[in-house]
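K.L.:
Each chain is listed here by its residues.
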Amino acid sequence: MKTIPKPAQKYLKYLVFLGLSIAIAGLVAGFVSEKWSALPISLLVVGSLLMLVGLVFYLPQLQVVLQQRSTQVGTDAIVATLSVIIILGLINFLAVRYPSRIDLTETQLFTLSPQTQKIIGNLPQPLKVLVFDATPDPADKELLDNYRRQGDNFQYEFVDPQIKLGMVEKFGVDSAREVHLEYDERLQRLQTLSEQESLSEVSLSNGIERIIRQEQPQIYFLQGHGELSPDNSGENGLSSAESSLENAGYRVETLNLADRAEFPQDAAAIIVPAPQQELLEREVELLQDYLDEGGSLLLMFEPRTESGLEPLLEEWGVRRDSRLIIDGSIANSSLATVLVNNYGLHPITADFENGNSIYLLSEPLEVEEVEGIQATSLLRTSEQSWAESDLELEEFEFNPGSDIQGPLTIGYALNRQQTEESEDRDKLEELDSDEEESPTSEESESDSDEEESPASEESDSDSDEDESESKQDEKESRLVVFGNSRFATDGWFKQQLNGDVFLNSVKWLANTDDTSLSIRPKELKNRRLNLTVGQAGMIFWLAVFIVPAFGFAIAGWTWWRRR
Amino acid sequence: MIAISNIIAIFRKELQGYFTSPFAYIIVGVFWFLSGSFFISILLETSQEISLLEQQGTPYPIDAAYIFLLRFFSALGLLSLFILPILSMGLYAEERKRGTLELLATSPITNWSVAVGKLLGAIAFFTFMILPLLIYEAIAFGTADPPLQPGVPLLAHLGLILLAAAILSLGMFLSSLTDSTILAAILTFTLVLLLWIVDLLANRLPSPFSDILSHLSLLKHYNNLIQGVVDLSSLVLLMSYIILGLFLTAQSIEALRFARR
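These protein sequence lines map, in sequence, to chains G and F. Per the UniProt record's numbering, the first sequence starts with residue 1, numbered consecutively. Per the UniProt record's numbering, the second sequence starts with residue 1, numbered consecutively.
One or more of the hints may lead you astray.
[Unchecked claim] Computed list of lysine to aspartate or glutamate pairs in EDC-like fashion (alpha-carbon distance at most 20 Å, straight line): (1) G:LYS494 <-> G:GLU235; (2) G:LYS141 <-> G:ASP160; (3) G:LYS141 <-> G:GLU157; (4) G:LYS141 <-> F:GLU94; (5) G:LYS128 <-> F:ASP145.
Think of the hints as simulated: they come from the structure by calculation, not from any bench.
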């Protein structure tokens with residue numbers, strides 16, 4: 001300050017006004033455009049700096065008036081301190097605003113995949129992720145922060161469901177820790193977090209991609225033959241099922257084949273909920289054609305009804321049994337109620353473990369093997385259950401002659417690959433890459449090829465099967481048959497796992513469960529520390545005794561020497 | 001050039017002060033004992049957990065070295081919160097008490113050089129303190145299969161030293177304000193603890209404030225570094241604390257120079 005000649009100092013103070021105007025210009029530009037891009041920010045920074053420099057030269061003049069040295073020094077110090085804090089603040093602001101990160105972890109744990117970066121970077125409108133969780137998990141927050149760094153249109157919020165009841169209402173949140181997406185006034189439930197399931201890039205990016213594409217799979221409920229209806233609520237209604245489908249991002253409509261000249265082309269799945277009268281032959285043929293062309297059907301049957309769908313079932317090797325399942329394992333309850341806690345190995349029932357689901361009035365299903373069709377039994381009743389043939393009896397009991405001893409199956413999932421030699425996985429993979437030509441998937445293909453590192457080999461074998469299965473969506477026919485219809489009706493839907501049985505079935509049928517972006521889950525490298533007992537012992541002695549004792553010994557020695 | 005040789009002179013004097021003080025060695029002994037205990041207990045705990053997971057047949061790959069590194073450095077960061085204020089408390093308070101501060105303040109060496117030299121001395125001493133840990137790490141990570149890449153552990157150590165430098169720098173400033181070393185240590189500990197947990201408070205606030213406050217958090221940026229992410233904003237923030245501490249120290253000595261005249 002002292003080195004600058006007086007005249008210069010005289011003019012330098014006007015920097016305050018110059019700086020002020022530049023800073024204001026930056027502020028106005030920023031607020032008007034509502035985008036804090038480089039220009040308004042740099043204007044603001046330069047302006048503030050000029051203002052500070054000007055102030056430094058301006059203030060001594062004030063102090064001349066005061067004529068007091070100590071106050072001058074004090075004010076100088078305050079001004080200087082303030083300016084340093086502001087400069088540091090601005091530098092920090094810029095570093096946060098224009099982030100740059102290098103991920104040194106071997107498996108790039110904290111780096112989002114190129115597909116995610118592209119989607120988030122190119123978001124045309126603001127997208128918001130809402131996590132209904134009062135206490136954010138640091139890992140989830142870290143992931144969301146990472147997403148936010150990729151683009152300005154990505155926002156997230158942790159919502160306390162106990163306080164923001166309006167939000168809970170708006171998004172239809174049922175349980176804590178649900179994750180919802182909001183984009184362009186569309187709302188979508190993504191997943192529910194739990195101890196086992198934390199927020200992952202795979203599910204988040206795929207969910208975002210779906211909501212941007214506005215892909216809302218169309219689900220039809222067949223009507224016109226006394227079926228259960230999504231428009232009814234109550235005993236014969238499926239309104240709970242309908243609303244939970246809508247929450248899961250599906251469009252739901254009823255379908256009356258007699259009214260329509262054309263079969264709908266947009267059906268992701270058609271549900272036939274317990275017809276009471278037989279379907280017309282033409283209708284069955286339509287459904288059959290739909291299924292053969294890679295469609296998906298969910299059939300639910302009430303015991304002892306004729307549906308007219310028997311030819312279709314026969315083609316798939318499914319036979320309905322007219323006997324009624326009685327479950328002896330449930331004490332003090334209607335014997336016609338069946339409790340299931342034994343599930344098949346299938347995507348639909350994968351997460352159920354030994355949870356319960358309840359079925360009132362069920363019939364057993366049997367499946368014969370048909371070539372090219374893969375059938376998995378989904379729901380198996382207990383050992384104590386049997387299929388009763390004589391319903392006129394006062395008290396049901398098992399008669400070895402006419403009844404079948406459990407366990408019985410009341411739900412089957414069947415799928416048929418339309419391609420020949422579908423077992424050949426290599427061929428399937430080739431098909432995969434040809435099939436989807438959208439830019440994102442193209443990139444993802446090449447990407448996943450590149451990442452064939454030895455570390456991920458282990459997981460490869462698992463995920464490959466899923467991928468080859470799910471990517472065949474054009475060509476695979478899927479059928480789910482339940483010998484029960486009550487489980488999805490309003491009174492029963494929310495009981496135990498019933499709703500999940502229904503929803504997961506539709507998800508599997510509509511093929512929305514699979515991931516269209518082939519993002520690999522982030523995994524650690526598989527590494528162990530193979531310490532021998534000797535090595536562990538050595539560290540123990542060194543760390544706990546020898547080294548600290550050495551420190552204390554020197555302390556004693558220096559103390560003694562000082563004396 | 002003269003400034004640099006001044007800094008080196010101050011640095012050497014400061015380091016010598018630590019190495020000839022029995023008190024400093026007691027701190028070192030305590031630190032070695034605590035960090036060593038942390039090391040071995042976290043190591044055993046982690047390997048037990050992993051072998052349990054293996055028995056359950058977990059399908060996920062586990063990086064034992066990485067998990068251990070994260071846990072150990074988290075513990076080490078916390079331990080440093082308690083140890084570092086003790087290292088920084090005497091930097092100026094001791095001089096003030098002995099009456100040598102006026103000498104220092106009026107000496108031809110600039111306040112900046114003195115502050116930088118003292119800070120470097122304290123950082124060097126802390127680096128000396130963590131040296132034995134490298135031996136344990138060498139033994140433990142030497143058994144890693146497949147071998148460990150050096151990037152993440154190196155960054156973790158750098159993160160620890162940067163964190164230490166930031167805490168020492170702020171501690172040095174507080175030490176220059178008082179002639180009571182205990183008070184300086186308590187003030188430093190309070191400030192650093194506040195900066196450590198500030199992002200917990202930040203969660204409760206509305207948007208712009210919560211972002212600003214959580215950016216100030218030492219824990220967040222330290223975690224970033226020990227996890228293996230070189231985040232420019234983390235480096236900038238820690239450097240900012242260092243510079244701020246140095247600047248404020250120089251200012252406070254400057255104020256002293258004029259106040260006594």
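K.L.:
LYS141 (chain G) and GLU94 (chain F) were given as a pair; does the straight-line alpha-carbon distance stay at or below 20 Å?
P.N.:
violated, 44 Å
K.L.:
With the threshold set at 20 Å, check whether the alpha-carbon distance from LYS128 (chain G) to ASP145 (chain F) stays at or below it.
P.N.:
Judged against 20 Å, a Cα distance of about 42 Å means the pair is violated.
K.L.:
Does GLU157 (chain G) lie within 20 Å of LYS141 (chain G) when you go C-alpha to C-alpha?
P.N.:
Since the Cα atoms of LYS141 (chain G) and GLU157 (chain G) sit roughly 9 Å apart, the hinted pair holds (cutoff 20 Å).
K.L.:
Just to be careful, I want the Cα atoms of LYS141 (chain G) and ASP160 (chain G) compared with a cutoff of 20 Å; is the pair within it?
P.N.:
holds, 15 Å
K.L.:
Between the alpha carbons of LYS494 (chain G) and GLU235 (chain G), is the straight-line distance 20 Å or under?
P.N.:
holds, 13 Å
The structure fails hints 4 and 5 (numbered hints given earlier, in ascending order).
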